[in-house]
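Trainee: Those sequence lines, one after another, are chains A and B.
672 is the number of the first residue of the first sequence in our numbering; add one for each residue after it.
672 is the number of the first residue of the second sequence in our numbering; add one for each residue after it.
Hints are not guaranteed to be accurate.
Note that the list lumps identical chains together, so a pair holds whenever it fits in one copy or between two copies.
Once the Cα atoms are required to be at most 30 Å apart in a straight line, the calculated DSSO-like pairs of lysine-lysine come out as [unchecked claim]:
id, residue 1, residue 2
1, LYS1049, LYS980
2, LYS918, LYS908
3, LYS939, LYS682
4, LYS874, LYS690
5, LYS864, LYS874
6, LYS959, LYS682
7, LYS763, LYS874
8, LYS874, LYS985
Read the hints as simulated data drawn from the structure, not as lab findings.
These figures come from a predicted structure and were not determined experimentally.
Protein chains: 2
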Amino acid sequence: MLSKFQNHISKNLSFLKGKKLLLAVSGGVDSMVLVHLLHQLQFDISVAHCNFNLRGDESNGDEGFVKSFCKKSGIGFFVINFETKEYADLHKLSIQVSARQLRYNWFNELLEKEGFDFLLTAHHLDDSIETFLINFTRGTGLDGLTGIPQQNDKIVRPLLIFTREEIENYAKENQIGWREDSSNASDKYLRNKLRHKVIPVLKELNPGFSGSFLQTLENLQQSESMVDDASRIVYRKVVEDIDNQKKINLSELMVLPNYQAYLYQWLKPFGFTAWNDIYDLVEAQSGKQVFSEHYRLLKDRNTLILTEKKEIDKEVYAVYEEAENSKIPLKISVCDKGDITFGNKDCIFADKDTLKFPLEFRKWEEGDYFYPYGITGKKKLSKYFKDEKFSLIEKENTWLLCSENQVVWVVGKRADRRFSVNEKTQTIIKIELK
Amino acid sequence: MLSKFQNHISKNLSFLKGKKLLLAVSGGVDSMVLVHLLHQLQFDISVAHCNFNLRGDESNGDEGFVKSFCKKSGIGFFVINFETKEYADLHKLSIQVSARQLRYNWFNELLEKEGFDFLLTAHHLDDSIETFLINFTRGTGLDGLTGIPQQNDKIVRPLLIFTREEIENYAKENQIGWREDSSNASDKYLRNKLRHKVIPVLKELNPGFSGSFLQTLENLQQSESMVDDASRIVYRKVVEDIDNQKKINLSELMVLPNYQAYLYQWLKPFGFTAWNDIYDLVEAQSGKQVFSEHYRLLKDRNTLILTEKKEIDKEVYAVYEEAENSKIPLKISVCDKGDITFGNKDCIFADKDTLKFPLEFRKWEEGDYFYPYGITGKKKLSKYFKDEKFSLIEKENTWLLCSENQVVWVVGKRADRRFSVNEKTQTIIKIELK
């Protein structure tokens, strides 16, 4: 008769059959049960063991234990030794985070190099309960309360619906040996407190707690899928995705009484955390902005514009007539009168004698003005932007081509008439945006 | 300087100003702080105190304490004595549930009789944390993790964002007296375990736990509002609400990979709990059904039909020519040839001599047949229903009018030709559906 473990794996994880599987095995009870089960069910498995060298002989004992088990059972065995402490010091990381980075970097390498299809880990239901409680203790949202996923991408966790107790009982009943894997636990202090102080009380109050927790997770996962649906539906209506910008139409969004929920949902993946500032931004005047580590959210009239955070380029690049400059997206050539075309904003024609090379290629600055081709008089750039209803982002992205600091071209937008071709022009210069 | 309590109330609960408020006051620290605060801020308050007579002198001591405080402060005071134990025995309820029923029944009576606008209770943040953990321990969904609402309908909880500790400190600093309200706690055993064993560990692991819990609640409430949005949007697309029936179009619903989440969301309010049965029903054959206490969900071709659970009426009602019968929705009268109309399904005309009064009015049964007006031969009712594509619900709701157990009328649908008016008819009977 098959155990409930074998049943579960045969029924729900049949997609692993015939695949090349790498098992992360510390030597603890969870991973030893996992390797036994899959070996028994004749899955195509190999074992990967990390020796973090954090507990001297004990660490080496774990390694030897897993190695000899694999040898005896004819299971492929990969092992690596990490100088975890040194790595942590070097990168100024905690031991936990270091061990995690080292481990997963190596697993990914192995997956790729050896052509494994999946990495299997022995996470179980109590890990999920602990993760739930850790997130809850720290403060979280729905996404922090939906448990460890049974699969994300190439990582699969076949034991996730079983409790630690069930796994230990199975190991005892089937005489599966293991070693206590004290170094394996991340967030050790937190987890131990929850494991020994909190979870036993919950199980005392509800002896069926593990089962009802599984149901709770399922309910919350369903709710999360509906949150995703709502998020997607409303996003399609009020957000315009163009040119690495996302433009959130506030007049449409704010019809919803819970518009903040949508902003939270959309902006969280971009690393924003200052939610009150963002909610204030909605009512703020144009030009106000809020930053995350890599992104910026800008209020611009009745929109919020999300873009990557970029330093404004303050450099002035010299543009020579002859040489192509890979930093500057302009192409300069001499041409005939017959080559002149109109209506292409990415190209201007200038009278060479009016230009003084090298020209300067730089960002717009407050105070710049020009003599727009086609109208009389001069105009401040700021006035021009306003008349053309440029967004703040568009203004920031505007480059000027100047000659002796006089604007020749608001690049891609408008030429200056002082440099334009006329009947006296002897040499025509064509300047194109590449 | 105003305290943070007064600030909070002035800022966020200004809608209570000028309203007639009833405060539920046990005499414990929470409710005594609440009454002090609102009295100080000159709200229009009265106090309601329940004496549950569960702790003898102690209960009477509480009553006396609250009463004399109100007298001294010039606050209106209502009191009631309950024989809680007797009520619990009589109704076979727990003491907790009994106390709750008695209390809220009385509060509602007072609100109505005395014209109060709101009932205020002194629930605080720790109550919310405990409620979260109780639901979590028992197993729940998102709705069980969004905390106690600050307001639902006429009940308002002004202290909900403050911790028990903050409230106790305020009472001490302001020399507010109180009595330990041991009977006030519902779910006492559970709450005490969580209060003394679990929550202190969470606060040890995160000293800012109360604040992050408030943020968690807000995040979860926002998610819940998005779940509601998704639910409503999809409901409008796939559910037809007609005649006390909700018809869920499965072919449209099941395009969604997470259709179960929607079924759960829509059906939960109708008391369903057997979710796996419901998810199986989706794939089951027509006629299968799942019941909650008051509702039934029926698979009918590619729909699920939700209706109230009704016993099928097996009675046969006698229909007399003369008397109006209030139980029977038919009106019978004699009429002239000139009165005959066509095309009204709610009305037939019959030859009186073919009928034998009293007629019988009853539900359709397996085996019934009739001679449909307008075609030759006879037809089984079951065949007729099938041809007309009647749903199971429509079949169940179909009444027959019979004469000597021969079908005269499939009521509201089709007449039988054996009883129809012809040139030999002497008296015409008009039978109308009221």
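Trainee: State for each hint whether it applies.
Mentor: Right, here's what the structure says about each hint:
| no. | hint | verdict |
| --- | --- | --- |
| 1 | LYS1049 with LYS980 | neither (33 Å within a copy, 81 Å between copies) |
| 2 | LYS918 with LYS908 | both (11 Å within a copy, 28 Å between copies) |
| 3 | LYS939 with LYS682 | between (36 Å within a copy, 29 Å between copies) |
| 4 | LYS874 with LYS690 | neither (38 Å within a copy, 46 Å between copies) |
| 5 | LYS864 with LYS874 | both (15 Å within a copy, 12 Å between copies) |
| 6 | LYS959 with LYS682 | between (55 Å within a copy, 26 Å between copies) |
| 7 | LYS763 with LYS874 | between (39 Å within a copy, 28 Å between copies) |
| 8 | LYS874 with LYS985 | neither (62 Å within a copy, 49 Å between copies) |
Of the numbered hints listed earlier, those contradicted by the structure are 1, 4, 8.
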